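Chains as they are written, first to last, in the UniProt record's numbering: chain A, 1 to 505; chain B, 1 to 162.
Treat each hint with caution, since some may be false.
To be verified - Just so you have them, the derived chain B footprint on chain A, three or more residues with Cβ under 8 Å:
id, stretch
1, 165 to 177
2, 192 to 202
3, 214 to 224
4, 309 to 318
Quick caveat, the hints were computed from the structure, so don't treat them as lab data. Please read all numbers here as calculations on a predicted model, not as lab measurements. For glycine and all other residues, C-beta sits at the position ideal for the given N, C-alpha and C.
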Amino acid sequence: MEMFAHLADGFATSLSPLNILIVVLGVTAGLFIGAMPGLGSVNGVAIVLPLTFVVPPSSAIILLAAIYYGAMYGGAISSILLGIPGASTAVATTFDGRPMAQQGKAGLALIAAAVASFVGGTISVILFTLFAAPLADIALKFGPAEEFALVLMAFTTFVGLGGDDILKTIVMICLGLVLSTVGLDLISGQPRLIFFDQPGFYSGISFLVLAIGVYGIGEVLYTIETSKTAPAVTPAKITLKELGLGLREMNKLWKTMTMGSVLGFFVGMLPAAGATPAALMSYGIAKSTSKTGRTFGKGNIEGVVAPETANNAASTGSLLPMLTLGIPGSPTTALLLGGMVMWGLVPGPMLFIEQPDFVWGLISSLYTANFAAVAINIALIPLFVWALRMPFTVLCALVLVLCIVGGYAPSQKMHDVWLIAGFGVGGYLMRKADYPMAPLVLALVLGPLMEKSFRQTLIAERGDVFAFIERPLSGTFMALALLFFLLPLINYLVKGAKRKIAPAE
Amino acid sequence: MLAADRLIAAALMALSAYFMWHATVLPIGWNGETGGPGGGGFPFWLSAIMFAAACGILLKTFRSQARSGTFFDLSMVRSVLAVVIALVVTIALMPIVGTYIALPLFLFWYLRIFGRHSWAVTVPITILTPVFLFFFFEVTVKILLPKGFTEPLFFPLYAFFF
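Isolated chain B, as found in the complex:
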């Protein structure tokens, strides 16, 4: 638990330092002519406060006793990690193979393999969800979801609905 606390605090310090470095692109100091800080002032000084606060959190962990319990329950961390990886793969696939292949794949993996559901549960949800998404987003709201190389397959549908 303590190690995770330290790691997160250190990561936040690094993040705020990165923000500060970025903020210096615009003037961060006081602007004498117009009054008030320059464009980089707000993000810079807030990042500085964040750096100091994260630093305080890190220092506090060295003073305190180890908190009871572990950050990750090892049996559960595998499930969480699996879902995160599946999510990343799905998002990466979306612009290439299209939403209507990527999302059913994800649903199939989640329900059948991860959730160990029966075919009776998996198949209807895997098929009906993309159908609902198509009618809701593309037909009703006219927001086109990414289709990747499957785009030509949708031309007849476009012609029919629009």
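Excised from the complex, chain A in its bound form:
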């Protein structure tokens, strides 16, 4: 089996002392970031990315992936102890985690969340390992036409499945794509969209600038407004007895955990879906299939397990299309993709051929990250309880300073710092008006690929637009894209038809 050989090589990379240290550091940082209300994996990765210049590129990506992972574990901590989700992905964990804490079972809930995250993470990493190489093989056959169709499909999932206002979603996708064209034209090399003749725009708008603006400064402004006082923290103590009890309880829930993991993995792969809907879906399914479904919402441990397996599995799932196809499955993986491009590790099928050491090192580091995360999570619970008491005004001040310096460091231009401030305020206002941020970030990251593949195809086919539909693979993607785009309309028509049949309603 070639795969096992690759994976064994990968472990040789990820088990090097530097990389183990990096995984432990990343997971710990991720746990803290995830546990802080308001800050999730995407904020963590955006704020920490500029700091990763210290380590070599492949280790930097492992660090960011570990933060991503740790944040997924950490989200549950504030859901349980504060009743406020630490990240949107942990919303479903509050439903039963908070009641458990109020009944004095906070320790048990935290153990359940950590172990469930571990199970979800591990099952999904195994799925990831099985799917990655075959998917990369298929993707090797992709030409520019297929790439364009795939990117288009990724955007239409936001329209069809995103659940946000459709027009606002379209605005954000277009805004991201237009911002990605700032700088030099990819084909002719001529400058375009140089606003106010500022020389800073010649190098384009970096994804990092947008991400730090929106997810760093924008998030802080949002947090200042929504929560000025630190909420009450439920105390939690972890004893070995409780750990044993938790593990015994969990042993009865394998069906739920497997369901949550598999569901989470596949939902996570879709760009518009991801960890939050996966966790909510998993919670819903567990509630309707469980023998104890009636006690869901009142402190049922299964209600903590189901969403926590799913959101961790989804975070792994979203890495799959990013690494194999170069299409991120979530805003956080979009940032990882941007980071990889910055370091010259362009994701996609070629990466599996050109940089197998890196790819399999990253995959195997996900296994070690899971082990590290569950151990650190349970061991450091008293520390998290203490950290959650940190006032927002201290946290926000430090995050803002990191945003300013982190925004300056990559390009060493004040121009970028001003842009970050602008994006921060703009993003904050638009988020308040319910404009979705994920499509904006994804569009900025994928914009260059989309434009390049579109224009390359047309140049190769001498301007024949039907080239996108005539090739079987790209034709299929285009058909799917059309389906996703029309999904809201179809839903609307179906609902309308139902209403006509049953006018009494």
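Please arrange chain B on chain A, whose structure you already have, making use of the hints.
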């Protein structure tokens, strides 16, 4: 809420129109010789879609009832505005007085005046954060942060660490 919705939609329309105007610098039409659109085509037509979508959002606000709740909670808008102003002042000061004066000033304002924290919290964070930044960025990663007129004060430090 409705007024804010309209204002944002209108601003987005203006922004997309501005983008469209900028995009026309390069050819936006179909290029007969090489095939495909010119360099301005992509940004122009995407801005056009954005304009249309923002226009749709604006029109929708006239049809819908006012959403409940206000866009800004007045007690909170002052806090947000204060932080934004502090941020702008800090960024503006950075190239003039240097990072190591601008950022401690910001931290001091945020912790002591905005956050009303005790001196025991304010002083260590205000002093230790720039020290950490110096060792992390300048010493470890060799990225020099802007120093403005404080640059000469750093010469002995440079000589020591590099």
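How the hints compare with the structure:
Given as covered by chain B, the stretch 165 to 177 of chain A passes the check, having 8 residues with a CB less than 8 Å from a CB of that chain where 3 are the minimum. Given a C-beta distance limit of less than 8 Å, the hint that chain B covers the stretch 192 to 202 of chain A holds, as 4 residues qualify and 3 suffice. Under a criterion of three residues with beta carbons nearer than 8 Å to beta carbons of chain B, the stated coverage of the stretch 214 to 224 of chain A is upheld, 4 such residues being counted. With 0 residues bearing a CB less than 8 Å from a CB of chain B, the stretch 309 to 318 of chain A misses the requirement of three and the coverage assertion fails.
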